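Student: As given, the protein sequences belong to chains A and B, one line each in that order. Start counting at 1 in the first sequence, then tack on 291, and there's your number in the numbering used here. Start counting at 1 in the second sequence, then tack on 291, and there's your number in the numbering used here.
Just so you know, the hints here were simulated from the structure itself, not pulled from any lab data. Possibly wrong hints are sitting among the right ones.
Copies of the same chain look alike in the list, so a pair counts if it fits in one copy or across any two.
What the hints assert, rightly or not - Below are the BS3-like pairs computed for lysine-lysine, each with C-alpha atoms no more than 25 Å apart in a straight line:
#1 439 / 560
#2 358 / 402
#3 583 / 640
#4 700 / 714
#5 310 / 339
#6 714 / 319
Just so we're clear, the structure is a prediction, and the values are computed from it rather than from any experiment.
There are 2 protein chains.
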Amino acid sequence: MKRLELAALYRDFTVYAAKEVTVCGWVKTIRDSKALGFIELNDGSTFKNLQVVFEESKINNFKEVTKFNVGSAVIVTGTVVLTPEAKQPYEIHAAQITLEGASTPDYPLQKKRHSLEFLRSISYLRPRTNTFNAVFRVRSVTAYAIHKFFNERGFVYAHTPLITASDCEGAGEMFRVTTLDPVNPPLTEDGRVDFSQDFFGKPANLTVSGQLEAECMAMAFGNVYTFGPTFRAEKSNTTRHAAEFWMVEPEMAFADLDDDMRIVQEMMKYVIRYVLDTCPDEMAFFNQFYDKELIARLESLVEADFAHVTYTEAIELLEQHKDQFEYPVFWGCDLQTEHERYLTEQIFKKPVFVTDYPREIKAFYMRLNDDQKTVAAMDLLVPGIGEIVGGSQREERLDVLLKSLEYFKLDPKDYSWYLDLRKYGGTKHCGFGLGFERLVMYMTGVSNIRDVLPFPRTTGSAEY
Amino acid sequence: MKRLELAALYRDFTVYAAKEVTVCGWVKTIRDSKALGFIELNDGSTFKNLQVVFEESKINNFKEVTKFNVGSAVIVTGTVVLTPEAKQPYEIHAAQITLEGASTPDYPLQKKRHSLEFLRSISYLRPRTNTFNAVFRVRSVTAYAIHKFFNERGFVYAHTPLITASDCEGAGEMFRVTTLDPVNPPLTEDGRVDFSQDFFGKPANLTVSGQLEAECMAMAFGNVYTFGPTFRAEKSNTTRHAAEFWMVEPEMAFADLDDDMRIVQEMMKYVIRYVLDTCPDEMAFFNQFYDKELIARLESLVEADFAHVTYTEAIELLEQHKDQFEYPVFWGCDLQTEHERYLTEQIFKKPVFVTDYPREIKAFYMRLNDDQKTVAAMDLLVPGIGEIVGGSQREERLDVLLKSLEYFKLDPKDYSWYLDLRKYGGTKHCGFGLGFERLVMYMTGVSNIRDVLPFPRTTGSAEY
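Please construct the entire structure, taking both the sequences and the accompanying hints into account.
Tutor: Given below as structure tokens:
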């Protein structure tokens with residue numbers, strides 16, 4: 292059997308006009324009247340369906356075919372007939388239709404509108420719906436665009452570890468990884484768990500970020516990026532949090548906060564342009580059914596010169612509109628999503644970098660500015676969502692970094708190798724983190740993180 | 292500062308001849324005599340070093356520069372001078388050398404040969420050595436080649452979950468993921484751990500394979516692949532096993548074992564060709580220092596028509612040489628590495644697919660052949676290493692799959708959604724798994740898995 296994928300057929304359908312082809316796929320709808328029937332077929336290679344016309348006079352199992360259930364897998368051999376006046380530019384007139392795998396009348400994805408909540412309860416089937424066919428293809432294309440962007444710029448893709456024995460970044464939010472007996476773990480003399488008998492000889496967790504390891508790699512390769520799963524054991528049941536999600540974390544040596552913002556801007560524009568160009572059908576679908584302003588907003592991001600404002604300036608701007616906000620605005624406050632969205636949507640009306648945040652609301656590794664109050668941090672805010680990227684120039688001065696650990700009450704012993712990077716040819720460097728699911732949500736207009744992850748893991752839920 | 296990366300300089304060095312450029316990098320070696328000095332500089336953008344010549348009469352801090360330690364980060368501005376008679380085609384004559392970050396005299400990576408064992412003890416610094424600069428760049432390029440290969444063929448990149456609540460595939464070898472109190476976990480009335488109070492409301496583990504979830508995606512998209520971390524809690528302290536490693540797992544609908552072998556062969560040739568073309572310096576280095584036959588072996592793989600033999604035929608062939616082996620050869624035995632290597636190196640002298648293994652030594656989901664004794668499994672064996680890919684056609688027949696679960700003493704209740712895939716338009720389908728580290732070892736001639744993972748996790752070891 293020489294199978295033709297629908298993506299290839301759509302690409303070159305005029306070449307196949309009046310020719311016989313064999314296609315495989317799943318029945319999305321089927322109907323018939325008298326001696327004529329129609330199957331809408333999808334094979335997953337493209338968002339588009341194909342209309343298959345079958346006639347009692349042309350195939351030898353007409354009656355059987357009319358009884359195929361929605362969801363059945365079929366193999367169709369037939370002639371490509373151009374239909375220039377119809378919505379779809381061609382259809383297939385079947386000469387033979389074979390049942391590859393039957394479906395049952397109780398198949399959950401009958402032709403009707405299903406709620407996203409219902410579809411979440413059948414995650415293993417939902418990729419067959421229009422919405423999830425589009426979401427997961429856009430997710431795949433977005434991932435590829437990210438790899439392509441960094442590869443073209445010579446960045447080395449660094450696989451940083453997921454299991455980590457350092458609990459430096461807030462153990463409370465980390466998952467423990469263990470092979471110890473859960474009921475009767477070995478104990479030390481003073482009654483604590485004897486982790487020396489655990490698999491790694493010490494307590495181990497799932498990482499919350501590959502940044503520190505990426506810095507090691509950047510001090511050898513100059514420009515590197517990670518792209519892999521990351522974990523948070525936060526019990527927050529929101530539409531924006533998952534326990535397992537993917538992050539992109541580039542890290543660049545000999546580069547400062549301006550370089551950081553430049554590469555973020557280039558990356559965002561490149562990735563969005565690539566997806567708009569590669570997935571026009573999927574994006575049109577999202578624009579029609581999920582967010583009427585989606586494509587306009589993405590196109591305008593690609594064209595925009597991103598704005599830049601310091602945190603201090605941003606607070607001054609927001610204070611002029613403080614009656615608009617639920618949360619108070621003052622120098623030293625952590626910006627809330629309402630503040631971020633007001634800045635990017637109302638004040639700047641385009642993507643905006645906010646830089647130089649108060650040190651106390653940011654991480655220990657961010658470079659202290661000369662004012663001794665702020666750090667060289669950077670968040671990118673975009674209309675419709677707020678923060679989408681967070682980054683910083685890293686503290687490369689060993690003495691200042693040691694004081695910063697003290698300031699944040701962290702133990703230098705836990706960071707000896709990280710500190711060593713500053714001893715052995717440390718350089719000015721910077722990096723950022725992009726939450727991949729947040730980007731996919733932004734690209735698709737889908738508003739629940741559970742709907743952009745194929746098999747989402749959240750509090751109380753780890754099905755399949 | 293307009294910085295030029297060494298990769299760009301090497302690509303177009305004739306364009307920069309006699310021009311002034313600024314480069315950044317780390318001092319690999321430094322020496323001087325009288326009024327003249329030389330720095331070998333590397334910035335990580337390429338495997339190649341750059342020679343910087345500095346003269347007392349040309350720079351204003353000659354004495355200071357001669358005291359720079361190996362490992363220091365420097366910024367050099369100078370003129371590109373072509374040296375057609377020398378080993379390197381050009382050098383830079385410095386007008387200015389600035390210390391960006393000092394190093395110390397005790398910097399561990401002085402110019403001398405270091406053992407791989409020693410370098411493993413400083414994983415955070417070893418990417419700066421020639422070997423690991425080459426290994427991790429080849430790793431990155433190999434990863435990109437894999438994405439490019441599948442993207443060009445329309446495969447959807449599927450992010451299957453790492454945390455899984457199904458313990459169907461041998462809980463003994465899995466890591467438990469938990470947020471319960473390790474000393475005093477909540478207990479049920481009968482004294483067992485009350486996992487309903489754990490983060491996911493049930494016991495959760497780190498996955499050993501994304502295949503079953505990838506099958507869900509293939510039943511929607513046709514062709515998909517995963518590429519992500521996978522885990523094994525095996526306490527085997529060998530050169531080939533890590534607790535955390537990366538796997539590529541494609542899955543294809545409407546495809547059988549022949550299609551499976553075809554795509555494996557195409558992928559292997561594509562990826563190896565891409566790396567040979569993209570990383571000539573790194574590959575020449577491995578060929579010189581790690582395996583003198585490396586490039587010849589890889590080139591011959593790209594040219595070869597892979598052989599194909601059934602397991603039954605393979606056993607017959609091996610039985611003719613049974614005095615060569617430590618482990619006995621008989622129908623029903625699991626092939627050992629010595630058997631695999633004998634087949635591919637001595638008998639076929641090229642890559643060989645072995646198919647149709649006895650069902651009892653393979654997994655429950657592999658398609659039962661008509662002989663009722665063997666399954667449509669497929670391993671690819673390559674010279675120098677043995678098995679590098681393992682795959683199969685999957686059992687799409689619900690009744691046969693149910694019997695297979697029974698045969699392997701597995702509970703159908705644990706597989707209800709997997710079984711449903713056969714109820715709702717199941718199709719003939721197949722897939723395979725490629726251990727990414729094993730491929731990188733094969734590409735580089737590096738023989739310990741700890742040396743192709745940036746931060747390896749093995750029994751008793753999870754540093755950084």
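Student: Hints first: check each against the structure and report whether it holds.
Tutor: We went through each hint and held it up to the structure:
no.: 1; hint: 439 / 560; result: both (13 Å within a copy, 21 Å between copies)
no.: 2; hint: 358 / 402; result: within (16 Å within a copy, 76 Å between copies)
no.: 3; hint: 583 / 640; result: within (18 Å within a copy, 60 Å between copies)
no.: 4; hint: 700 / 714; result: within (22 Å within a copy, 57 Å between copies)
no.: 5; hint: 310 / 339; result: within (20 Å within a copy, 54 Å between copies)
no.: 6; hint: 714 / 319; result: between (62 Å within a copy, 16 Å between copies)
The earlier numbered hints are all upheld by this structure, with none contradicted.
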